[in-house]
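2 protein chains.
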Amino acid sequence: MAMNEQILVATGGAAPAENFGTRIIELAHHLAQWSEMPEGLMCTYFSPVHKAVAIQLREWMLSAGLEAKIDPVGNVIGRYPSAEPGAKTLILGSHYDTVANAGHFDGRLGILTALVVAEHLQRTGQRLPFHLEVIGFSEEEGVRFSAPYLGSGAIAGHFDEDALARRDASDVSLATVLRKEGVELPAIQALARRPETLRGYLEVHIEQGPVLLSRGLPVGVVSSITGSARYRIAIQGVAGHSGTVPMPLRRDAATAAAEIVLAVERRCRAGTNLVGTVGQLNVPHGLINVIPGSCEMSLDVRSVDDATRSAAIHDIFAAIEEITGRRRVTASIKEIARHRASPCAPAMQAALGQAVARAGVEPFYLPSGAGHDAEMFAGVTDIGMLFVRCGNGGISHSPLETVTAEDADVGARVLLDTLVHLN
Amino acid sequence: MAMNEQILVATGGAAPAENFGTRIIELAHHLAQWSEMPEGLMCTYFSPVHKAVAIQLREWMLSAGLEAKIDPVGNVIGRYPSAEPGAKTLILGSHYDTVANAGHFDGRLGILTALVVAEHLQRTGQRLPFHLEVIGFSEEEGVRFSAPYLGSGAIAGHFDEDALARRDASDVSLATVLRKEGVELPAIQALARRPETLRGYLEVHIEQGPVLLSRGLPVGVVSSITGSARYRIAIQGVAGHSGTVPMPLRRDAATAAAEIVLAVERRCRAGTNLVGTVGQLNVPHGLINVIPGSCEMSLDVRSVDDATRSAAIHDIFAAIEEITGRRRVTASIKEIARHRASPCAPAMQAALGQAVARAGVEPFYLPSGAGHDAEMFAGVTDIGMLFVRCGNGGISHSPLETVTAEDADVGARVLLDTLVHLN
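Residue numbers (the numbering used here), protein chains in the order written: chain U, 1 to 423; chain R, 1 to 423.
Each hint should be verified, as a subset may be incorrect.
Unchecked claim - What follows is a set of in silico ranges between Cβ atoms, one per label pair, in the way DEER data are often shown:
| hint | chain 1 | residue 1 | chain 2 | residue 2 | range |
| --- | --- | --- | --- | --- | --- |
| 1 | U | Ala337 | R | Lys51 | 21 to 29 Å |
| 2 | R | Lys51 | U | His285 | 23 to 31 Å |
| 3 | U | Ala169 | R | Asp160 | 39 to 47 Å |
Said to hold, decoys possible - Reference listing, derived: stretches of chain U covered by chain R, where coverage requires no fewer than 3 residues with Cβ under 8 Å from a Cβ of chain R:
| hint | region |
| --- | --- |
| 4 | 27-41 |
| 5 | 203-209 |
| 6 | 274-284 |
| 7 | 376-386 |
Since the hints were made in silico from the structure, they are not lab data. The beta carbon of each residue, even a glycine, is placed where N, CA and C say it ideally should be.
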């Protein structure tokens, strides 16, 4: 892997303020060469591409002077030990799997930022009062098995055993895939860290939204990771001929759904730190000349405040009842997921915020609307997250996702400064 | 075909007021035995099932004492000649093809009503001042080739030559199917009747809507066949993460589509003799956690008054422009069909209305929101239509479609009475 080492060697020795960012961007583009798609980036759990990326990450960790290994579920772990053997461990993590047609930075920015910072500490001989682990989690997006957080869940002790039965698009179960790798459930359970051995968990991640961009800030401190509730809603009306049923006699499932879509939008616009989305909307077997007899939709409501989210859902359900009653249609609502919000530890927020200020940037605290690996460690240890500004209007999960080298550099310097000030 | 003849013989000799309806219902159920679906009725153009139905109709016409034949495009034509050889021809028509999972009466009620009436005239020796033709049109629904009115279009001189290139679900073109039957375009063109040979066109059809049901009337006289305009609309917004993009910054294609759906409904509710339907509504590749970047929808607007329809479409397009502009999304609109309204001839409406009154029923005039074979003859000869009440809330194109024997009987008696009073 001469070329990769060359990347590290070529820039690793220069002053960090000049070079962290450029190198992070270079490494991210380099990792994107392995993809399951001919055009665009895709890297899903335990594909050949995924394994190649893991091997590359381990090589870079070794080159950076870390102890490095790939664990049974595919997490790549680089360790920079403390001078005190009995010290606790601080984890710097994020994920290296991607969605389909992904950007180069979602997940990977956090691993690479941690990598260059750990390498800097090792090269400059700065020892910390805790062991530092850089972890590239193998799975966060849930693309292949519709089971997210497989990597971070295992380390945090939250591995979802129900996920073993889930099947990929080729009808192969996760259990089968793991068995082929020689991995059984007890080995996964053994990956879980004991909370008393952990000093904390920090994650750098692109914002995946436009807030920092609109405020002109390179980084921001995450206050809380949003809680979410997801539903599938099926509206049942009465089909009819589009030409023969007068408007007042109709029981149109799609017009009812349209009112619900707008009710969701109106209610969530009225709230603070609240978003609601109907991402799926479909009249099954719809015909141009048939009044829709049924309509299916999804609902995703998120807030960093659980009470805010619950109140919004209560109001949305009341609106659905009013709309369907008035329109003489019915709605069946099925909850498919609910996650409480995960607040970041005040001490970690303060530590990150002070480092941001020392970097000459106004400390700004914002909630995370997306879920992140950090969630898995909430309740296990103190968690903290630093967002780096996303270009291009905040687009993510897209080839249009961008981060500038300057912003990536600020992120790395803030992370380094946070670590050297943390007890 | 002993059994079929038995049906005719068993009931054909009794008093018409008692038996037309029962017999029509029996014959309709009998025809439904031939189907392309194991459960439910389906009979599409030139399938083996379709040919079996044509042969049965011809047999029944022969048994009824009519001259009968099947023409090159599959129309089944039964002729009861006038005493005057040089007389004009009055056509009684409707179609015998069906949609998928159809009811037993859409189209066929009109053929069978005409059949029993013509048989009655023949048996009782009543000659008319015009030749009477009972025609079972082979194709009206457009199911197999997305090309409706193939049968009636040929007779009316409106055969759509572009339809020859259309292909069915097995990728076989209509031209290929006709060639296998030994039918070439000149033979189809030769089926067109010269307008000066026609006395008029009358069609009995189920209403396919709830208006007669809600008014408690067994039959109604059609005033006009609706005109329609159909569009495909594609909304383009910007996709985004459902958790990270604040509500005010979104450019959600589905919420824009929802507003358009409700604008169509609101505008068409406000009109008279106006209906508007969004029958297809879909977020392509929608995901529960992605803000819809695009949304596709159909639009079908109908009115018996062309100016009413045009004004509504104008207002709907203005609403689309306002909605998409305000929401910073775009809409592309493609017209896929436009038909002018076809008014029924005042003389035919009057003739039918007077017969309705003589049957002891309040004459009621209503527009047809659905298209019918009669449309093909508008502008060629005087057209008239009689609707028979549809049960079950007016449902059609469904196994739930019903007509009572009593109502079918009123329909047949009114048709017979209209014919004997027509010069």
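Hint by hint, here is what the structure shows:
Between Ala337(U) and Lys51(R) the Cβ separation comes to about 54 Å, which falls outside the hinted range of 21 to 29 Å. The hinted window of 23 to 31 Å between Lys51(R) and His285(U) holds, with their beta carbons roughly 28 Å apart. A hinted range of 39 to 47 Å holds for the C-beta pair Ala169(U) and Asp160(R), which are about 43 Å apart. Here the region 27-41 of chain U counts 0 residues with a CB under 8 Å from a CB of chain R, which misses the bar of 3, and the coverage is violated.
Look at the region 203-209 of chain U against chain R: 3 of its residues bring a Cβ nearer than 8 Å to a Cβ of that chain, three or more, so the hint holds. Counting residues of the region 274-284 of chain U whose beta carbon lies closer than 8 Å to any beta carbon of chain R gives 10, which reaches the threshold of three, so the coverage claim holds. Counting residues of the region 376-386 of chain U whose C-beta sits closer than 8 Å to any C-beta of chain R gives 0, which falls short of three, so the coverage hint is violated.
Hints 1, 4 and 7 from the earlier list are contradicted by this structure; the remaining hints agree with it.
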